[in-house]
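Given next are the chains, with one letter for each unit.
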Amino acid sequence: MRFAITVHGGPYTSQSSHSALNFAKAVLHEGHDLYRVFFYHDGVYNGSEIMAPPQDEIDLYGEWRQLALDHELDLVVCIASALRRGVINPTEAERYEKSAANLGKPFTISGLGQLIDAALSADRLVTFRV
Amino acid sequence: MRFAITVHGGPYTSQSSHSALNFAKAVLHEGHDLYRVFFYHDGVYNGSEIMAPPQDEIDLYGEWRQLALDHELDLVVCIASALRRGVINPTEAERYEKSAANLGKPFTISGLGQLIDAALSADRLVTFRV
Amino acid sequence: MILHTVNKPPSHAALSDCLAVMASDDLMLLIEDGVYCLHEVSGDSRVHVLTPDLEARGLWDRLPAELTAVDYAGFVGLCTRVDKIKTWA
Amino acid sequence: MILHTVNKPPSHAALSDCLAVMASDDLMLLIEDGVYCLHEVSGDSRVHVLTPDLEARGLWDRLPAELTAVDYAGFVGLCTRVDKIKTWA
Amino acid sequence: MQSRAPHGSLFGQEGLDAILMGSAFATCAVLMHGDGVYQLIRDQRSSGTSTRDYSVSYGALGDYGVETVFCVQEDLTERRLVVDDLVIPVTVIDRAAVASLLNDYNTILDF
Amino acid sequence: MQSRAPHGSLFGQEGLDAILMGSAFATCAVLMHGDGVYQLIRDQRSSGTSTRDYSVSYGALGDYGVETVFCVQEDLTERRLVVDDLVIPVTVIDRAAVASLLNDYNTILDF
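Residue numbers (the numbering used here), protein chains in the order written: chain A, 1 to 130; chain B, 1 to 130; chain C, 1 to 89; chain D, 1 to 89; chain E, 1 to 111; chain F, 1 to 111.
Source of the hints: derived by calculation from the structure; they are not laboratory data. Any given hint could turn out to be false.
Stated by the list, open to error - Just a few of them, taken from the derived set where beta-carbon distance is under 10 Å, the chain D residues facing chain C:
{"no.": "1", "residue": "H12"}
{"no.": "2", "residue": "A13"}
{"no.": "3", "residue": "D17"}
On a predicted model such as this, the values are computed, not experimentally measured, just so you know. By construction, the Cβ of each residue, glycine as well, lies at the ideal position given by its N, Cα and C atoms.
Next up, chain A with everything else stripped away, as it sits in the complex (with noise of 0.2 Å):
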């Protein structure tokens, strides 16, 4: 079966990133396809290369990125979403003239099209709210 996640939490501060990354795993270990995990909301500060956890404490983005490299996964970020809360890859960054980008690989910033697609193009959507 084919799955779609959608994330709205931020890392750390919400418990939904943490549900999310475990959620997925446990999709791509019953040998379901994961179709596009889609960052909205404060789901976006997922994507930024430049948190530096307690060497204690997971490391979110670290694990996301792993998951996406094992299992070549779709991991997108809504643009509008992301630009307010400053999470821009380099391209975004020298459009609004800003001095550093922090989106990390395999991370993409996208639109919106792309949540409405995963919800159409998937069997189930699942939403970790915060």
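Got chain A; can you put chains B, C, D, E and F on it based on the hints?
Only chains B, C, D, E and F this time, still in chain A's reference frame:
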């Protein structure tokens, strides 16, 4: 009278940043001292200079920055909250080997002791919560 | 004497938690989504409401007569009248 | 047929909002802070509880007999049994 | 499905963005549930809060092909609201009818 | 004053950090209010959620000079908890006594 302010909410996501900013302006306008604004929890995201909000919405980082410059305010983001959420200055970026820094001036990074000091030094502490 | 701020609508526990521990000479200020509580506290003259938040939510013409509307300067003024501020969220 | 997830404790409206619209053949899964609702739904065999969240909150030995504990694989399994997922927060 | 009050958080505004996008690709309806009905109150003036008044954008839903905006009678009554207080015409249903409404659509987007 | 459940959000953990820091500079007490009492439940094992179990750190409050941890009887009863369920000894007060407790301290830090 001497005020101190604590902000718990992320910019745009929660109204607490807007409210704290408007309250800070009123404190100064009414002729009081503003000893410090301490950003805790998601409040630390207010210090990111790479936010790009829509043109027709308030520029929260820019407003804090201008208010601080006009009134020599002490804007402090909590280091523990900021590190795990990826709000860092060049010093921390180097220490934790991160690719970029995003904390804008005149925000500074410091410890929780600055919150306790503000609570003890100010006549009134007002917290803006999520 | 304490100023209690409430920033959540009646569907949350913030207002009832606040009312349960408020002393008779304490003050309350409804801010942000707390202004939706205005009907629940009508008749309680301890209660103030932040005007900009009331206007933002389209409730300006619904303020019960017993409640006092204040702007941000009035919010600051309320803080000076009390010993400390307790926030309910 | 819908799987309803609830992630807030009983002090929030999420559980009662969910119960008010749940059909008799729907399923419920308590996750995150929603597992604190376990006493409120005891006896309702539609309800499942996410084990890792129960353990994290020290509630493992309090699970009422009528409720079913599931791990993340079981959460995925519940999703496959229903047509769609509705989240209450 | 919208369930949060406006201004206090960004969920309503970002939720409406998703509804407008969704209506370009599929048949959509909106249910303003619980505190979500607060988003539709008329005459919101947010200059004093520095938040955005996006309630007027609900008026554009028809142009985007969104068929119906539903509200629950009990939610309105508990909040002392009537349909004339709202910025757009809505279809009022009883709480008991929400279950079958949820069954009528393939996917639910929650905000 | 702690008012949120643990694990679901970071407020409890970051609130405890502030309490520990505060106790180095001033006389402190802690009130675990409402859902905040959930933070003190024994035997929290968070390996399955990837969140941190910081409840054991409450045991260190005494070493930091924090005089008393208060809980409200009604909050415990509503949540079907008794003091033996908690990870540290607490002082239980009635809800009616919270008002005077708040008056006894110069500043209130809310989480």
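So, going through the hints one by one against the coordinates:
no., hint, in the structure
1, H12, "holds, 7 Å"
2, A13, "holds, 5 Å"
3, D17, "holds, 9 Å"
When the structure is compared with the earlier hints, no violation turns up for any of them.
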